[in-house]
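Asks: Listed below are the residues making up each chain.
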Amino acid sequence: MPVSFPMPEAKHADSVGLVFPQVRHFDEPLTLDCGVTLPSYELCFETYGELNAARDNAVLICHALSGDAHAAGYHDEENSKPGWWDNCIGPGKPIDTDRFFVVCSNNLGGCGGSSGPLSLKPGSDKRYGPDFPIVTVHDWVASQARLADELGITQWAAAMGGSLGAMQVLQWSIDFPARVRHALVIAAAPRLSTQNIAFNEVARQAIRSDPDFHEGHYVEHGVMPERGLRLARMVGHITYLSDDVLHAKFGRELRDGKINFNFGVEFQIESYLRYQGEAFVSRFDANTYLLMTKSLDYFDPAAEFGDSLTAALAGCQARFLVVSFSSDWRFSPKRSREIVRALLDNDLDVSYVDIESELGHDSFLLPIPQYHKLLRAYFDRIATSA
Amino acid sequence: MQGLRAEQVLIADWITEGSRVLDLGCGDGQLLAALQAQKGVTGYGIEIDPDNIVSCIKRGVNVIHSDLDAGLSEFDANSFDFVIMTQTIQAMRFPHRLIDEMLRIGRESIVTFPNMGHWKCRLQFLHGKMPVTRHLPNTWYDTANIHMCTLSDFEDLCAEKHLQVLERAPVDSQHRAVPGMRLWPNLLAEIAVYRIKRRG
Chain A
1 MPVSFPMPEA
11 KHADSVGLVF
21 PQVRHFDEPL
31 TLDCGVTLPS
41 YELCFETYGE
51 LNAARDNAVL
61 ICHALSGDAH
71 AAGYHDEENS
81 KPGWWDNCIG
91 PGKPIDTDRF
101 FVVCSNNLGG
111 CGGSSGPLSL
121 KPGSDKRYGP
131 DFPIVTVHDW
141 VASQARLADE
151 LGITQWAAAM
161 GGSLGAMQVL
171 QWSIDFPARV
181 RHALVIAAAP
191 RLSTQNIAFN
201 EVARQAIRSD
211 PDFHEGHYVE
221 HGVMPERGLR
231 LARMVGHITY
241 LSDDVLHAKF
251 GRELRDGKIN
261 FNFGVEFQIE
271 SYLRYQGEAF
281 VSRFDANTYL
291 LMTKSLDYFD
301 PAAEFGDSLT
311 AALAGCQARF
321 LVVSFSSDWR
331 FSPKRSREIV
341 RALLDNDLDV
351 SYVDIESELG
361 HDSFLLPIPQ
371 YHKLLRAYFD
381 RIATSA
Chain B
1001 MQGLRAEQVL
1011 IADWITEGSR
1021 VLDLGCGDGQ
1031 LLAALQAQKG
1041 VTGYGIEIDP
1051 DNIVSCIKRG
1061 VNVIHSDLDA
1071 GLSEFDANSF
1081 DFVIMTQTIQ
1091 AMRFPHRLID
1101 EMLRIGRESI
1111 VTFPNMGHWK
1121 CRLQFLHGKM
1131 PVTRHLPNTW
1141 YDTANIHMCT
1151 LSDFEDLCAE
1161 KHLQVLERAP
1171 VDSQHRAVPG
1181 MRLWPNLLAE
1191 IAVYRIKRRG
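For the record, the sequence lines run as chains A and B.
Per the numbering used here, the first sequence runs over residues 1 to 386.
Per the numbering used here, the second sequence runs over residues 1001 to 1200.
Think of the hints as simulated: they come from the structure by calculation, not from any bench.
Here a beta-carbon is modelled for each residue, glycine too, at the ideal position from N, C-alpha and C.
Be careful, since some hints might not be right.
[To be verified] One-sided and incomplete, this derived list gives chain A residues near chain B with beta-carbon spacing under 10 Å: (1) Asp175; (2) Arg179; (3) Ser324; (4) Asp345; (5) Ser351; (6) Tyr352; (7) Val353; (8) Ile355; (9) Glu356; (10) Leu365; (11) Leu366; (12) Gln370; (13) Lys373; (14) Ala377; (15) Asp380; (16) Ser385.
[Stated by the list, open to error] Here are the computed distance ranges between Cβ atoms for each label pair: (17) A:Glu358 / B:Ile1146: 23 to 31 Å; (18) B:Asp1013 / A:Glu201: 54 to 62 Å; (19) B:Ala1177 / A:Pro367: 46 to 54 Å; (20) A:Thr384 / B:Lys1039: 21 to 29 Å.
[To be verified] Calculated Cβ distances over 12 Å to all of chain A for the following chain B residues: (21) Gly1003; (22) Thr1016; (23) Cys1056; (24) Ile1057; (25) Ser1079; (26) Phe1094; (27) Thr1133; (28) Tyr1141; (29) Glu1155; (30) Glu1167; (31) Arg1199.
Isolated chain B, as found in the complex (with noise of 0.2 Å):
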């Protein structure tokens, strides 16, 4: 999966060939389009960004200009094979009703978040602030980032809804499990990727 960024290629491996894909916020459409291109998949990118949209009609990727807080409402249950959301679910106005969406939507939803429970994020709230980092580089009074959660909230959420955690990475800046991940994935991730499905 050549010009994706790590954690796209991780998703990718994830996605079984000639699916149906919908992928939430889907920027300029470099995932969708390396997915159709080398898994056959089928679907829509979301997007609200203007020039984004333009970028995705570039590379013949379909986008439906959307709020994805505004629901998905347009969308029948069980249309995709995956829902996925990268780095979006933190600036939702209601993430935990857009999972429920995802799911209804889609088999499995992929979803990708920074890591408020980071050893980096920990140390700032220490000295008592608001954390700014490289993957977090806003501050609190102007950021996007309205819901942050840890991997930990994350997993308490899906007990809560009933959800399978089907596959679960946590990595690095570079997306790569660094050592001592396993033992500690909530102190060392600092983005989570989580396979999601409904149970039953």
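Next comes chain A alone, as it looks inside the complex (with noise of 0.2 Å):
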């Protein structure tokens, strides 16, 4: 599978390079938790690395809530911004690609290549729009199971995510113990909060009130929901960062230096936020956000055992490593540990690391020295022990 080769410059010595994402498309229907059975099915995904003969060294990575496949390397030589998490996969990185097989692919219900609401319906012409089921974290390991069946990997070396990936990364560690040798649950929760929920739900609402949503057959209308999903991505993106690392980068500058007494972009945290909504409304589709939210907001493992995530958990045979940050208000270290709580009720093989960090959720992305440095050492073991 030729899908990756180095770029010339030398600035991207450590990185996968050029790579190209891939579709497999599966036939076989898929009955999801809603009950709704999709006839067919598309998932997009990237692999870095070579997958060796013992078919052992596999790495699966779950994406966030607005991410996609491309994780690592970049698409042209030209718009070179590269992958969500290019800081951590590539020669030599902590997940090193010359040693592992890494694959990540967007889930189900997206809009960055697998089959979701910006997908026409199978033998229609017409896109799935707001009539793409709602899907949950179950039902996309269940469809990246048969990903990596076509792939022919029994067995992930390690699945790892952060956020709504790592609740995939959980998800896939209870619904197929065998198939998770080690497990990376990375600024996760066992479920969300009700605040994690009323923040969904603030987006959801600004997303489903925009005049352009046209109860989300926007497309249809030749337009989107702009604005709701740049407040959608606003109020998000508030909640990735703390309140100290905000305060660190804007505090209260004033843009043009002074008050101006009116409704316009005074502060500088609120261009920022802008900014951050507009570069969001580019790339990504207002029914995948509202379908990605209400997977986070469904996610409960321990609910079909009695409340009980130890119950929930007692089947799982992967090691696990836990991390969380420090200023993670999202999901705060709390609620890491709560899942090291269950883990150590199984006597399953389990570490956990609070990594100190003022950069709140988003932490998991970025390239903290300790934080890499603990990846490092971790895949290194899962290396040298396979």
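Make one complex out of these two single chains by using the hints.
Replies: In structure tokens, the structure reads:
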């Protein structure tokens, strides 16, 4: 599978280089948790590195709310924005693509090439739009397991993800205990708090109350609920960062150096949030945002086990690394410790680390030295003890 | 037990094959790694220092990042055969409560600490000074060791808590039992190693 080759420039020496997304079509129907059956679906994914002969060096990367399959490398030489976890994945990086075969797929319902609201309904020239069924983390795992089958991977050396991606890793280790050797659960929670759900609802209402939403049929109307999606992202973004880091970055700095007594952009933070909202609108679909926040809200593996997370994790066979970040208030260290506690109750192999960071929930995507040192050590161990 | 500090060799001797061990303040994970490899034990280390945690990960030791002063409520009662704490108790805010916790979680506990009753310490007290020795190299104003005790003090605490001392190894800095140790342990031991359990 010649899907990546190095870029010529020296600045990309530790990059996986140019990469190309692939699409796999699945004809076997998939019945979702909501009861709807998808007659067929497609998953868009990228791979980096080589699958070894024993097929035991595959690492699954699960993306977060707004992520996609493009985790590392570059799509073209001109527009050189790297994949969303490029600082972590590549030759000589913590997830060393000289040793591991890395797979990242866009989740079902996404807008990054997998079947989702922007896809055409099978056998029709109409897009799903708002009719794409609500998918759960469990559905994602089920759909991904078929991709693993296709790629000839019976067991992941490791499954790894941050935030929503970490929940997916947890679900993998519950649904397919024998298929996950190591589970890296980063900046996660065993289920959303009431406050988390509240924030998601604000984001959804922002989108749904946009006059351009048209009950989700905005594409047919030739518009996008841009204002709503922008607002949703702005709210989300505030929760991804800590108060301290916002203060350090922007303080109360005024763009014009003085108060103008109007409702234009005055404080730097306002300008930053608008920029984040704008950038998001150009690359993300509103219906997908609604779906993704719903699957976050619904995620609760303990629910099927009498609200006992311990019982939910009882069948797991993976070794776990749970990581939290000190200033993350969206999924605080306390939430990670709930997962750790349930793993300890089951006498499972688990290590837990709380990384000192001022950067809030977003820390999991950033190259914080102590964090990457830890990941490097953990993956070294996986590589040498395989 | 290669590569272990003498004190750790002593502890390793007391740990039974295949037991479940919790090591409080496990440092770089050396003791647990050796116990895993040579005695087939399973369990976890608890550590607060980030670099030590990375060392544990490198050795394949399960490590939980935690502040012992915040308690051990994550662990169920009687979930370990041994709860070990080496050279850490003197730095705890509430050593007596931690000992209670250790014996709630574990069947037995192994505790080691520097002995403030050693003659070198006593000599410095006689000169009106807080002791500074090879084992206690820090000055009084810059030390993590806030709850120093002697063998005698520790055994008083055990008596008060109705704990049974199963084994005691008073040793010198090389972890040997020097001549006279049996007669005057509190005077000659630089390090005290205890194995304790609840009575009854």
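Asks: Run every hint past the structure and note whether it holds.
Replies: Quick rundown of the hints versus the structure:
{"no.": "1", "hint": "Asp175", "in the structure": "violated, 24 Å"}
{"no.": "2", "hint": "Arg179", "in the structure": "violated, 21 Å"}
{"no.": "3", "hint": "Ser324", "in the structure": "holds, 9 Å"}
{"no.": "4", "hint": "Asp345", "in the structure": "holds, 7 Å"}
{"no.": "5", "hint": "Ser351", "in the structure": "holds, 5 Å"}
{"no.": "6", "hint": "Tyr352", "in the structure": "holds, 5 Å"}
{"no.": "7", "hint": "Val353", "in the structure": "holds, 5 Å"}
{"no.": "8", "hint": "Ile355", "in the structure": "holds, 8 Å"}
{"no.": "9", "hint": "Glu356", "in the structure": "holds, 7 Å"}
{"no.": "10", "hint": "Leu365", "in the structure": "violated, 19 Å"}
{"no.": "11", "hint": "Leu366", "in the structure": "violated, 16 Å"}
{"no.": "12", "hint": "Gln370", "in the structure": "holds, 5 Å"}
{"no.": "13", "hint": "Lys373", "in the structure": "holds, 6 Å"}
{"no.": "14", "hint": "Ala377", "in the structure": "holds, 4 Å"}
{"no.": "15", "hint": "Asp380", "in the structure": "holds, 7 Å"}
{"no.": "16", "hint": "Ser385", "in the structure": "holds, 6 Å"}
{"no.": "17", "hint": "A:Glu358 / B:Ile1146: 23 to 31 Å", "in the structure": "holds, 29 Å"}
{"no.": "18", "hint": "B:Asp1013 / A:Glu201: 54 to 62 Å", "in the structure": "holds, 60 Å"}
{"no.": "19", "hint": "B:Ala1177 / A:Pro367: 46 to 54 Å", "in the structure": "holds, 51 Å"}
{"no.": "20", "hint": "A:Thr384 / B:Lys1039: 21 to 29 Å", "in the structure": "holds, 22 Å"}
{"no.": "21", "hint": "Gly1003", "in the structure": "holds, 18 Å"}
{"no.": "22", "hint": "Thr1016", "in the structure": "holds, 17 Å"}
{"no.": "23", "hint": "Cys1056", "in the structure": "violated, 7 Å"}
{"no.": "24", "hint": "Ile1057", "in the structure": "violated, 4 Å"}
{"no.": "25", "hint": "Ser1079", "in the structure": "violated, 8 Å"}
{"no.": "26", "hint": "Phe1094", "in the structure": "holds, 21 Å"}
{"no.": "27", "hint": "Thr1133", "in the structure": "holds, 33 Å"}
{"no.": "28", "hint": "Tyr1141", "in the structure": "holds, 26 Å"}
{"no.": "29", "hint": "Glu1155", "in the structure": "holds, 32 Å"}
{"no.": "30", "hint": "Glu1167", "in the structure": "holds, 27 Å"}
{"no.": "31", "hint": "Arg1199", "in the structure": "holds, 27 Å"}
The structure does not agree with the numbered hints 1, 2, 10, 11, 23, 24, 25 stated previously, though it agrees with the rest.
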